[in-house]
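Undergrad: The primary structure of each chain is shown beneath.
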Amino acid sequence: MTSGRRQSYGVKGAPYAFLIPATVLFTLFFALPIGYAVWLSFRKVKVSGLGLGAGARKEVWAGFRNYSDALTDSELIDGALRVLGYGCIVVPVMLGLALLFALMLDSDKVRLAPFTRLAIFLPYAIPGVVAALLWGFLYLPDVSPFHFVLDRLDLPQPDLLDGGPLYLALSNIAVWGGTGFNMIVIYTSLQAIPAEVYEAAKLDGATPLQIALRIKVPMVAPSLVLTFFFSIIATLQVFNEPTTLKPLTNSVSTTWSPLMKVYQDAFGKGDIYAAAAQATIIALATLLLSFGFLRAANRRQKQEAAR
Amino acid sequence: MPITKRRRLFSKSAATTVAVALGATALAACGSSDGDSEADSGPVSLTYWTWTPGMDKVVDLWNKGPGKKDQITVTAKKQAGGDTLVTKILTAHKAGKAPDLVQAEYQVLPTLVSNDVLADISKDVGDAKSKFADGVWQQTTLGTDAVYAVPQDIGPMMFYYREDLFKQYGLKVPTTWEEFAETARALKKKAPDKDLTTFSANDSGLFAGLAQQAGAKWWTTEGDKWKVGINDAASQKVAKFWGDLVKEGAIDNQPMYTPPWNKALNTGKQIAWVSAVWAPGTLTTAAPETKGKWAMAPLPQWSESENVTGSWGGSSTAVTTDSKHQAAAAKFAAWLNTDDAALQALAKESGIYPAATNAQTSGAFANPPEFFSNQPDFYTKAAEIAKTTAPSAWGPNVNVAYTTFKDAFGSAAKNKSDFVTALNTMQDDTVADLEKQGFEVSE
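Protein chains in written order, with full-length UniProt numbering: chain A, 1 to 307; chain B, 1 to 443.
Don't read these hints as lab results, they were simulated from the structure.
Each residue gets a CB set at the ideal place from its N, CA and C atoms; glycine is no exception.
Among the clues, some could well be false.
[To be verified] Calculated cross-link-like contacts (lysine-lysine; reagent style BS3-like; alpha-carbon spacing at most 25 Å):
no.	chain 1	residue 1	chain 2	residue 2
1	A	LYS58	B	LYS436
2	B	LYS88	A	LYS46
3	A	LYS58	B	LYS227
4	A	LYS58	B	LYS94
[Stated by the list, open to error] Footprint (simulated), chain A over chain B, 3 or more residues, beta carbon under 8 Å:
no.	region
5	173 to 180
6	282 to 293
7	403 to 412
Make a model of the complete structure from these sequences and hints.
TA: Structure below.
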């Protein structure tokens, strides 16, 4: 009897015991740091006198001052606009290419599919910083082999690290590195489509192109939504590529993207309070944008399902 | 950026594991450090954050020699240099866990003092003051009676040029900035695809040093108020000079320390460089094929009667307020930067140019750097130039001014627009930041 009761107690407590590690880790390494960052974003330093010597610097309550400063900071807003322009190039091109490659790999006529798949995927395995350095060297007129060839052929040599082309140059790095991953996601869900569907379509006289556009694309729509979602987040968080290209050119400022501005304020200017406020704003904007998109996509899917 | 969710998930779990592991070592460290603090009279062990290469070997000298006698053991912990170390020190200090000793560039000393990180070691450094030039020592006192650091290395600025190409193009080594501009134009006329040098906006220290030479005083105090003079007359003169050269195309406008810059130096596309005493080291890696073809001369002057230079780089050794053994730490700092054996080791292992005047021409500095074997009196000349270094005036937010410089001058250089406007931006941002922090700023 007693042993049975004890056993039942143990079973009752077991789920909580299993939850403890995850809860502790989540609290320690996720909730607490975020909470601390938000707390910092409402603080600021107050210096008295010349600020030299002990006790001259105090941390005081700042209210929403850091937030109002961040929202009126033209650099942060310009950075957001730059990233928007960059995203308008990266997301459609990357996902368009990923879908195209996935459909091509999925077609019956493809040769060397495993090799091609690996070749397209491989750039994703290269760290962003290394990719940016590699492309940076290819962009720099004085060391680029492309420019060398163009020079020999007496063709014009565009400076890719200046003005408008800079967006293309940065986007190219992201597209090069990200297409493979997105392709794999779409390709995997293409593989999951049952063969009967194609058979039925073929019996109805659909051409391969029609199968691709009318059957495959709608059926992988959830994957497209997913990859789009990831791409938006990745775009809003762009940091590695412009930061790596920064020392190579005068065209990329230290505050080119919003995250670079956060980094600059925290580690360049030593103002962690302003940086915390900006980081909070960026996190909120990312949440709003990405979940807003997810909800809109879900609603549409439900409507279509109901139809 | 193709950082997708999948990769981020991986890295997050990895980070958590690391964090757990770090937490465990931190706890272990807490346990052991308690033991240290109790033993104040007994053996002392100190931690030293430094980015100087080879410092562990110099520290070994101390641990086996004077340190052994005094029972003071120092452990050097290699750090990344520059701004990130300052942030790291400030963060560690916030937690009350800053190391006993830190390496700090001269221009960040006011920032560190203003955050109450650095201890006043004036009582513990003995007669160290006498070993340094006044202008160098003054940077570690911030004009007060306190001493916040012991100078380690300095970077007096000089003019480096390709001796062979200057001869080939019939150019004379400029002694004034006016001649410098004429030389740049003359070279453009003779070889349009070559540049005398470039104006680079990616190292604020260079421009700060040039302004310092011209007599600029960027931060000064008036009673309880700071005065910011980043756009003072001297700095405007320097900004306008370089801005005009870039605008008329007499010199290049691309940043330094890039692959194209290395190539330009290595192939003789750029034939001069305004730099500091540490330039031979940089040239050795950037332009290996030009070995023995360079020569060093004093920096051009603003008027013929003058003989001053600025400084670019250099650092000091400071003791933190978090250290429980400040006197012992100060003793090590003084030894490291004034003892002959230590300075020779620093020169040999780390390749630094010592701030201590008597070490500048002896031992390792009796012969020229290998890259400049064609100029036997390199270090004799360097020591003479070092004596002419203009006083510097650093303030509590040099980091802000430097950051603004990179962006403002970077875009001005790119667009070949007015450099004085960029200088005014730098001034405004620096003042705005001081006011934001609550400093009183006089107009």
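Undergrad: With reference to the structure, classify each hint as holding or not holding.
TA: Hints versus structure:
1. For the hint linking LYS58(A) to LYS436(B), the alpha-carbon distance of about 13 Å falls within 25 Å, and the restraint holds.
2. Taking the CA atoms of LYS88(B) and LYS46(A), the gap is near 21 Å; set against the 25 Å cutoff, the hint holds.
3. Only pairs whose Cα atoms come within 25 Å are accepted, and LYS58(A) paired with LYS227(B) is accepted, the gap being roughly 22 Å.
4. Using a Cα cut-off of 25 Å, the hinted pair LYS58(A) and LYS94(B) holds, with the two alpha carbons roughly 12 Å apart.
5. Closer than 8 Å: that is the beta-carbon criterion, and the region 173 to 180 of chain B has 0 residues meeting it against chain A, so the requirement of 3 is violated.
6. Only residues whose beta carbon comes within less than 8 Å of a beta carbon in chain A count, and the region 282 to 293 of chain B has 0; fewer than three means the coverage is violated.
7. Chain A is given as covering the region 403 to 412 of chain B, and this holds because 5 residues of the stretch bring a CB closer than 8 Å to a CB of that chain, at least three being needed.
In this structure, the hints that do not hold are numbers 5 and 6, in rising order.
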